[in-house]
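Protein chains in written order, with my numbering: chain S, 827 to 1094; chain G, 124 to 322.
Keep in mind that a hint or two might mislead.
[Stated by the list, open to error] Pair by pair, the computed Cβ-Cβ distance ranges are:
| no. | chain 1 | residue 1 | chain 2 | residue 2 | range |
| --- | --- | --- | --- | --- | --- |
| 1 | G | LYS299 | S | ILE1069 | 13 to 23 Å |
| 2 | S | ASP912 | G | LYS299 | 22 to 32 Å |
| 3 | G | TRP201 | S | ASP1075 | 16 to 26 Å |
| 4 | G | ARG155 | S | ALA914 | 36 to 46 Å |
| 5 | G | THR156 | S | VAL1040 | 43 to 53 Å |
| 6 | S | LEU1049 | G | LYS184 | 29 to 39 Å |
| 7 | S | VAL1055 | G | THR256 | 14 to 24 Å |
| 8 | G | ALA312 | S | LYS913 | 14 to 24 Å |
| 9 | S | ALA914 | G | LYS202 | 42 to 52 Å |
[Claimed, not checked] Some, not all, of what chain S presents toward chain G, calculated at C-beta under 10 Å:
| no. | residue |
| --- | --- |
| 10 | VAL896 |
| 11 | VAL972 |
| 12 | SER974 |
| 13 | LEU1074 |
[Claimed, not checked] The calculated lysine-lysine pairs, modelled on DSS-like cross-linking and capped at a C-alpha distance of 27 Å, are:
| no. | chain 1 | residue 1 | chain 2 | residue 2 |
| --- | --- | --- | --- | --- |
| 14 | S | LYS920 | G | LYS313 |
| 15 | S | LYS913 | G | LYS309 |
| 16 | G | LYS299 | S | LYS924 |
| 17 | G | LYS227 | S | LYS920 |
| 18 | S | LYS1071 | G | LYS227 |
| 19 | S | LYS1070 | G | LYS309 |
| 20 | G | LYS313 | S | LYS1071 |
| 21 | G | LYS309 | G | LYS242 |
| 22 | G | LYS300 | G | LYS184 |
| 23 | G | LYS300 | G | LYS211 |
| 24 | G | LYS270 | S | LYS986 |
Worth flagging that the hints you see were computed from the coordinates, not collected in a lab. Cβ coordinates follow ideal geometry from the N, Cα and C atoms, glycine included.
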Amino acid sequence: MKRILLALLIFILPLTVLGIESRRDFIETYEEQPESAEEAAPPILEEMETGGTDDDDLSFLDEDDEVIEVYDPFETLNRRIFWFNDKAYFYVMKPVAKGWRWLAPEPLRIGIRNFFSNLRAPIRFVNAALQGKFRDAGNELTRFGVNSTLGIGGLYDPAKVHFGIERKIEDTGQTLAHYGVGPGPYLVLPFLGPSNARDGIGLLGDFYFSLVPVLFENRYYWLAVSGDVINFLSIDKDTYEGIKKDSLDPYLFLRDAYSQYRLNLILH
Amino acid sequence: MLKRLLLTLITGFTLAVTAISLAASSPTDEVRTSVDAVLAILDNEQLNYDDKRTQIRVIVKERFDFRAMSQRTLATNWKKTTDEEKDKFVELFSQLIENSYVGKIESYTNERVDYPGEKVSGRKAVVETLIITSSADIPVDYRVYQKGQQWLVYDVIIEGVSLISNYRSSYQEIMKKEGFDGLLAKMRAKIDELASTPS
Chain S
827 MKRILLALLI FILPLTVLGI ESRRDFIETY EEQPESAEEA APPILEEMET GGTDDDDLSF
887 LDEDDEVIEV YDPFETLNRR IFWFNDKAYF YVMKPVAKGW RWLAPEPLRI GIRNFFSNLR
947 APIRFVNAAL QGKFRDAGNE LTRFGVNSTL GIGGLYDPAK VHFGIERKIE DTGQTLAHYG
1007 VGPGPYLVLP FLGPSNARDG IGLLGDFYFS LVPVLFENRY YWLAVSGDVI NFLSIDKDTY
1067 EGIKKDSLDP YLFLRDAYSQ YRLNLILH
Chain G
124 MLKRLLLTLI TGFTLAVTAI SLAASSPTDE VRTSVDAVLA ILDNEQLNYD DKRTQIRVIV
184 KERFDFRAMS QRTLATNWKK TTDEEKDKFV ELFSQLIENS YVGKIESYTN ERVDYPGEKV
244 SGRKAVVETL IITSSADIPV DYRVYQKGQQ WLVYDVIIEG VSLISNYRSS YQEIMKKEGF
304 DGLLAKMRAK IDELASTPS
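Full structure from sequences and hints, please.
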């Protein structure tokens, strides 16, 4: 177990360092965006007065656009793993998840999901704190306290339902990004799916702070993690099926969606 | 005489109020009208699957500016295409977007939609919505812009992921490898595939 993690670390670390440079440029261009949108407001009004709703004159819509160029030097390998994950999803994970969906009522499955989410609360707490988001860290601490007790070991989420304290996703990958670590090359991880060098390393940090390995040791850990994933898929409304159905190239679609999703988390 | 005057006054007043409310309707109001209409159709048990789709399509067409979406998806390539190519792309792209959006909305039947807020800046606005389901709350933001009296959707952002940005990068990648015609061919094939396998 530890050896695998170490091997992963050795493999991924150099990649991240490579990625820092490209990421820097990206952050800079991104951070300039909101300002330029503000500045551009007056011309827009002028345009309206002169009735400038020309077909080709919609450039003002693009100002707040973040164009993400994903660095993907391992596309060939990534696509292979993507293919493997796709098969694993349709032939193993999804059928099991469907069986579980049929067997267990939804409230129970949501309870199990909450339970695992609660065990991962320390990840969110630590990483919010590391990024100086002390209010969020405090919220996570409160949530953990309330949900572990009133929520019966985390099965329920009274912190949200009764006290209106929402969960906020924070993880080690986001903390690394906060301190300027770039995403590095895009990676598709076996079974886990879209990631990148930075977030892959982040998973190690998350593993360290999670209570799941504390509660479930050795082989029970993998059992618990698989159970969590299967249970999650039983609640999920066929997101991956939808993506596969809609997009011309699901690999590209997910690659970009993942990058946007992570960027959005990092910026908030 | 008095009656007629009164009637004229009332009619005039009503018209004025309608005009004002039309002009002043907020982005959220307009998005809400469309979203509510779509939800009502989805909840209508008297309609079969095809009828629902057809009716939803009409509403989506009124609210979504597919041409603006196409233009943003093609980005710099938009100017390089001929008018004919543009029309073709818009037609295919609207079918794909429609399908994708309706498919997503469909999987959330019987759910509540909240409108936590909106941000308006000049002719652009973001209407925030939150789809509340039994298992999760999904943030869906509509980017709209003002065209005449209307606010039209030019992008949908689900959990921080912009639909248009997403399409843009994959389409550009495909265009790089297979050219504009290759992209159109792929889009056509996708539409045929979707038509032949109704979910």
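Against the structure, the hints come out as follows:
no. : hint                                : verdict
1   : G:LYS299 with S:ILE1069: 13 to 23 Å : holds (21 Å)
2   : S:ASP912 with G:LYS299: 22 to 32 Å  : holds (23 Å)
3   : G:TRP201 with S:ASP1075: 16 to 26 Å : holds (20 Å)
4   : G:ARG155 with S:ALA914: 36 to 46 Å  : holds (41 Å)
5   : G:THR156 with S:VAL1040: 43 to 53 Å : holds (51 Å)
6   : S:LEU1049 with G:LYS184: 29 to 39 Å : violated (50 Å)
7   : S:VAL1055 with G:THR256: 14 to 24 Å : holds (20 Å)
8   : G:ALA312 with S:LYS913: 14 to 24 Å  : holds (22 Å)
9   : S:ALA914 with G:LYS202: 42 to 52 Å  : holds (43 Å)
10  : VAL896                              : holds (7 Å)
11  : VAL972                              : violated (18 Å)
12  : SER974                              : violated (21 Å)
13  : LEU1074                             : holds (5 Å)
14  : S:LYS920 with G:LYS313              : holds (24 Å)
15  : S:LYS913 with G:LYS309              : holds (23 Å)
16  : G:LYS299 with S:LYS924              : violated (39 Å)
17  : G:LYS227 with S:LYS920              : holds (19 Å)
18  : S:LYS1071 with G:LYS227             : holds (11 Å)
19  : S:LYS1070 with G:LYS309             : holds (14 Å)
20  : G:LYS313 with S:LYS1071             : holds (9 Å)
21  : G:LYS309 with G:LYS242              : violated (37 Å)
22  : G:LYS300 with G:LYS184              : violated (31 Å)
23  : G:LYS300 with G:LYS211              : holds (20 Å)
24  : G:LYS270 with S:LYS986              : violated (39 Å)
Violated hints, in rising order: 6, 11, 12, 16, 21, 22, 24; the structure is consistent with all others.
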